[in-house]
Amino acid sequence: MPEITGYAFPNDIHVHWSLMIVMYPYITGFVAGAFIVSALFHVFGREEFRPVARLAMATSLCFMAVATLPLNLHLGHPERSWLVMVTPNLSSAMAGFGMLYSTYLLILVLEVWFVWRQQIIESARRSRGWKRTFYAMLALGTYDTSPEAIAIDHRAATILAAIGLPGACMLHGYVGFIFGAIKANPWWSSPLMPVIFLLSAAVSGIALLTILYQVVAKLNRRVIEGRTVAALARWLWFFLILTVTLELLEIIMLAYEKSESWHIISQLLTTRLEFSFITIQMVVGSLIPFILLGVVVLMDRYLHDRVRNTLCIASSILLLLQVFSMRWNIVIGGQLLSKSFRGLRSPYSPEIFGREGILVAIALLIMPFVLLWLFNRVLPIFGDDKPHAAGGHEPPPVTAPVAGVHAG
Amino acid sequence: MDHAPRPLASTRSPSPPPEAPAAGAATPADPGRRDFLGAAFTIAGGAVVLLAGLDAAASGETHVPPPGGDAYNWEEHRWAYVIDTSKCIGCGSCVRGCKAENDVPDGFVRTWVERYIVGPGGSYVDSPKGGLDGFPPVPTAFTPTKSFFVPKMCNHCKETPCVQVCPVGASYRTKDGVVLVDGKSCIGCGYCVQACPYGSRFLNPATHTAEKCTWCYHRITKGLKPACVEVCPTGTRAFGDMMREDDPVRQTIDHERVSILQAHLLTEPQCFYLHLDMEVR
Chain S
1 MPEITGYAFP NDIHVHWSLM IVMYPYITGF VAGAFIVSAL FHVFGREEFR
51 PVARLAMATS LCFMAVATLP LNLHLGHPER SWLVMVTPNL SSAMAGFGML
101 YSTYLLILVL EVWFVWRQQI IESARRSRGW KRTFYAMLAL GTYDTSPEAI
151 AIDHRAATIL AAIGLPGACM LHGYVGFIFG AIKANPWWSS PLMPVIFLLS
201 AAVSGIALLT ILYQVVAKLN RRVIEGRTVA ALARWLWFFL ILTVTLELLE
251 IIMLAYEKSE SWHIISQLLT TRLEFSFITI QMVVGSLIPF ILLGVVVLMD
301 RYLHDRVRNT LCIASSILLL LQVFSMRWNI VIGGQLLSKS FRGLRSPYSP
351 EIFGREGILV AIALLIMPFV LLWLFNRVLP IFGDDKPHAA GGHEPPPVTA
401 PVAGVHAG
Chain Z
409 MDHAPRPLAS TRSPSPPPEA PAAGAATPAD PGRRDFLGAA FTIAGGAVVL
459 LAGLDAAASG ETHVPPPGGD AYNWEEHRWA YVIDTSKCIG CGSCVRGCKA
509 ENDVPDGFVR TWVERYIVGP GGSYVDSPKG GLDGFPPVPT AFTPTKSFFV
559 PKMCNHCKET PCVQVCPVGA SYRTKDGVVL VDGKSCIGCG YCVQACPYGS
609 RFLNPATHTA EKCTWCYHRI TKGLKPACVE VCPTGTRAFG DMMREDDPVR
659 QTIDHERVSI LQAHLLTEPQ CFYLHLDMEV R
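Residue numbers (this note's numbering), protein chains in the order written: chain S, 1 to 408; chain Z, 409 to 689.
Pulled out of the complex, with its shape left as it was, chain S reads as follows:
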């Protein structure tokens, strides 16, 4: 058994929570983060987010659809996973998952339905044959598109977004709680953990949408709204600063307190996690985007659109990497440290093939985008660009030359 430094408890050899458990918070982070972006428009009325609001909601739903997969791939007995829903042990933080997940999924699906309802009905009216049946089923039997009905749709969507926002925050804060509430592990046990998870979820969600929005707009030959990208950059910068501050505060507290565990945690950070924590998470993933986004936020008026957009894409890519490495450093890092506090386990490198391997992880990351593409085929995300008489939030005003060409 290779490279155990110091003394690790004999059972503290294997890393039980593998790459899949790194993927799980990464994916739910996108769910929460994307929802926060859509809520900035739907709940807080930030007009500059109108062009990404629907994309954000669809993204949230598509990531939500795969969120349970990494968990089931990791379980020793996935065929028993339903027991978590049926016979939950209420004292377990993990048992809350079923409840939170289903509640949030319900809210999200309902909200998507209300936002896209008018379009569903129009598609049902437009099409023939099985397609018509399909859209008629999606319409759930109501074909009311009167201004009053549309107004109700908008109100319902706003209310659902308002409920969904704490829902999304709880879903992801809860993931942080799973780790933060383990008193046996000093690298996890911290009340800051849910907050850090939540803030980094916002970072990953906004970063993803910054990229996705520009890519999708390019693919659809639409104009990339400068103010939308700039607004995304501002919020991204804000959440990045909050996340990194809290992450560093936690470590500085441990060090300054000279806590019992600092001896081993400092060893962990400077040996096993040197690359993934110091190099990737802190320097490449935080410091560089902080500077790049700082340029965008503070000097926006001097920047050409193309420069700003490129800077935003570059920092978003780095931030996606940062959030992934943060998940990695928490989940894997926490297990590399033996509870003996006297040693570190052997380094963990995930398998390539196999149920919990790298290929599966890549597939898991691709899947939501395939779903998003499918979603767009069925319910066009940018399809409805006509200005609306009812005066609600939806649909977006005409902002681009091409509209509704990809309705299938």
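Don't take each hint at face value.
What the hints assert, rightly or not - Which residues of chain Z face chain S? A few of them, derived with a C-beta cut under 7 Å, are:
| id | residue |
| --- | --- |
| 1 | F516 |
| 2 | G538 |
| 3 | Q572 |
| 4 | V576 |
| 5 | A603 |
| 6 | L611 |
| 7 | T617 |
| 8 | R689 |
To be verified - Take a look, some chain Z residues computed to stay more than 10 Å from chain S by CB distance:
| id | residue |
| --- | --- |
| 9 | E483 |
| 10 | T493 |
| 11 | S494 |
| 12 | I497 |
| 13 | G542 |
| 14 | P547 |
| 15 | T553 |
| 16 | M651 |
| 17 | L682 |
Hints are computed from structural coordinates only; laboratory data are not their basis.
Every value quoted in this text rests on a predicted model; they were computed, and no experiment measured them.
Note that the Cβ used here is the ideal one computed from N, Cα and C, for glycine as well.
Based on these hints, arrange chain Z on the given structure of chain S.
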């Protein structure tokens, strides 16, 4: 896989096996291993075991109530464990006995022994294979002034974090104070492994479920002692019933200065230590 409690070898069980509530969850082990254990006693450590047996008998061998032919009633017992670290010689018999009795998979341990070598210039701790094959000499960079062994195992905590975090209730604490895993409902999430501060749990690579020391629940419900206590040649390990006033283990816990591991975590371990050094965590 059969999880039902098994009858012991006939020579050991004068009465029909009593019904042990919830024991099923504990540990599968087939009778062949019990035979093996018996053979191991006779061949490997006959004399030592005999002496230890006499010693144990003198120090209250009879404290475990005989099965009495009636069904085992878990409300009539509350088990506890005492480890006198000053007596441990690091022979590893307990680790081997446990492995044989409970079919512990290679690379994992339900009980293990740690070696501490301590001096003013530093300390060194190890537990090669959990102490399964004993302890080879090690050179240290400092001059040791004391050295000792510390057997460890599941502490069967009263306020146990592992039971708290199990999402499906597969981990539970019996009324007689033993923390067990129901292998039939364990989903193998590993949360309990993460939550245990003592490193007592692991995921069995064959069954993909959580596994841990059961204090040999299949034995203690028949009036026997856990295998590790049975084979310990020096009386380091003692197992007893807190519901019996004359029980030597209870006497020790009531009257001696005992310590527990990681007391600050407030898990209320039911494994008590005598002569524990501050180096031990």
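Do the hints match the structure? See the list:
1. Interface restraint check: Z/F516 against chain S, minimum CB-CB distance 6 Å, threshold 7 Å, status holds.
2. The closest approach between the C-beta of Z/G538 and any C-beta of chain S is roughly 4 Å, which is under the 7 Å cut-off, so the hint is satisfied.
3. With a least beta-carbon distance of about 5 Å to chain S, the hint placing Z/Q572 at the interface is held under the 7 Å criterion.
4. Interface hint at Z/V576: satisfied, since its Cβ lies 4 Å from the closest Cβ of chain S, which is below the 7 Å cut-off.
5. Interface restraint check for Z/A603: the shortest CB-CB distance to chain S comes to about 6 Å, inside 7 Å, so the restraint holds.
6. Residue-level restraint check for Z/L611 holds (minimum Cβ-Cβ distance to chain S is 6 Å; threshold 7 Å).
7. This hint holds: Z/T617 has a C-beta 6 Å from the nearest C-beta of chain S, less than the 7 Å allowed.
8. Taking 7 Å as the C-beta contact cut-off toward chain S, the hint placing Z/R689 at the interface holds, the least distance being around 6 Å.
9. Look at Z/E483: its CB is around 23 Å from the nearest CB on chain S, clear of 10 Å, so calling it non-interface holds up.
10. Under the 10 Å C-beta cut-off, the non-interface status given to Z/T493 relative to chain S holds; the minimum distance is some 16 Å.
11. The Cβ of Z/S494 lies farther than 10 Å from every Cβ of chain S, with a closest approach of about 21 Å, so its non-interface assignment holds.
12. In this structure Z/I497 is separated from chain S by more than 10 Å, as the shortest Cβ-Cβ distance comes to about 19 Å.
13. With 10 Å as the threshold on Cβ separation, the claim that Z/G542 sits away from chain S holds: the shortest Cβ distance comes to roughly 14 Å.
14. Listed as a non-interface residue, Z/P547 keeps its Cβ farther than 10 Å from every Cβ of chain S; the least gap is roughly 16 Å.
15. Every Cβ of chain S is farther than 10 Å from the Cβ of Z/T553; the closest lies at roughly 19 Å, confirming the non-interface assignment.
16. Residue-level check passed: Z/M651 sits 26 Å from the nearest beta carbon of chain S, beyond 10 Å.
17. Taking the minimum C-beta to C-beta distance to chain S, about 21 Å, the non-interface status of Z/L682 holds against the 10 Å cut.
Going down the numbered hints, you'll see the structure goes against none, and every one checks out.
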